[in-house]
Amino acid sequence: LRDRFETKLRIVTPAIDLVEIIAARGNTALESVLELTTALRRDMDQFASRLATDLERWERDGKQSERSSAARVSDELRALLARIEDAVPFLNLALTTSGASLGTSLPNSVSPSRLMQASSALADCSRRFRDEGGMREEWVWPAFDLRFYRMFRGSVRPKSLKDTTWVTEFARCTGRVARVPSNPDGDGLEFVYDLVLEEDLNDGLYHEELEECGDDVDPSEVRGREWRIAVEEVERLYYSSSGRLLDIEEVKHPVLVLKVIRSTPPGADPANVDWYALELYQDGDMAGSMDDESDDDADESEDASADSTRAGSEAEAGDPAMIGTLSLLEFLVRLSALEVCLQRSHLEAPDEMINLFLRDD
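Residue numbers (the working numbering): 12 to 372.
Treat the hints with care, as some may be off.
Taking CB as the label site, the calculated pair distances span [unchecked claim]:
{"#": "1", "residue 1": "A241", "residue 2": "D135", "range": "32 to 38 Å"}
{"#": "2", "residue 1": "D362", "residue 2": "P153", "range": "22 to 28 Å"}
{"#": "3", "residue 1": "R53", "residue 2": "W150", "range": "23 to 29 Å"}
{"#": "4", "residue 1": "F163", "residue 2": "T39", "range": "23 to 29 Å"}
{"#": "5", "residue 1": "G144", "residue 2": "A241", "range": "20 to 26 Å"}
{"#": "6", "residue 1": "T39", "residue 2": "E143", "range": "38 to 44 Å"}
{"#": "7", "residue 1": "Y250", "residue 2": "L92", "range": "43 to 49 Å"}
{"#": "8", "residue 1": "N213", "residue 2": "W150", "range": "16 to 22 Å"}
{"#": "9", "residue 1": "D14", "residue 2": "F163", "range": "18 to 24 Å"}
{"#": "10", "residue 1": "C224", "residue 2": "G144", "range": "35 to 41 Å"}
{"#": "11", "residue 1": "G110", "residue 2": "D14", "range": "31 to 37 Å"}
{"#": "12", "residue 1": "M127", "residue 2": "L200", "range": "24 to 30 Å"}
{"#": "13", "residue 1": "D14", "residue 2": "G145", "range": "36 to 42 Å"}
{"#": "14", "residue 1": "E46", "residue 2": "E148", "range": "34 to 40 Å"}
Derived by calculation from the structure, the hints in this document are not laboratory data. The beta-carbon is built from N, C-alpha and C at its ideal position, and this holds for glycine as well.
Make the full structure from the sequences, and use the hints.
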């Protein structure tokens, strides 16, 4: 009976893990079976807890206590096996109809070289984090020179990517993934990551902070605002070859779009969804936008050269260096999200889990 239970447990536990992870990443097809897996996991945990208590009592009280409890444990084990066997067909059906890809082959959109670079960067960060005793924040290098957009919350348009209003939060910022120490007062998670965006005031725009410091101060030496996004709250990552697909008028380069579901206290509105977009910063972007605003006399010449400008921007959107750099940031976020979910290194994750976090479905 014990061997039968251990065999089924080894088979069912990974399936339950997959259902919970896929459902947590927004697959609504698995929400109905999530209640079943939660109850089944609770039953298994409770049985294991009761069995541990019985073992302690048997060691303390001797064989008399063992004989009186053995029959009850056997009955509970048979009942748990029956519940597992009843749940298996529903788990198989749910995973089949969910549409989620559970294969071990990498998606065609994944660049192996960028994935290996992201893996090496995370592993190096973990080594430095361990060397410091996990007591201080460690950066995952490299850093990225970005522009940061967010979806305007006050928009009254329909809630879709096509009909939304985007605003520039940081005209220029430095973006990095950071491994942060676990909160001793919180859930005690070992693997915790944030996507940290630090505003760079050296963007060619007016800033009150620079005005207060005087003209002799280097803008790069003045600290701007900081924006943190918990990786565990990133539900989806989307890559767009051009910001035009998001109706971000001034964006002509590739963008990385993040769907973030903020943690809410019990009883609060669960639909607390934020959308953000990240674009690689280009030195000529802000200068061009300032010229457009200040030089009204050049309107006619700009209109005449619109076609050539559009052709040039399309070429920039396909720049392999830009796409590769942005994809490295994407894989850093995806692999760090995998570590947060599994609470162990991505180097120890099975192939199907890695594949699951590299896909958008």
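Could you work out which earlier hints the structure fails to respect and list their numbers in ascending sequence?
-> 1, 3 and 9
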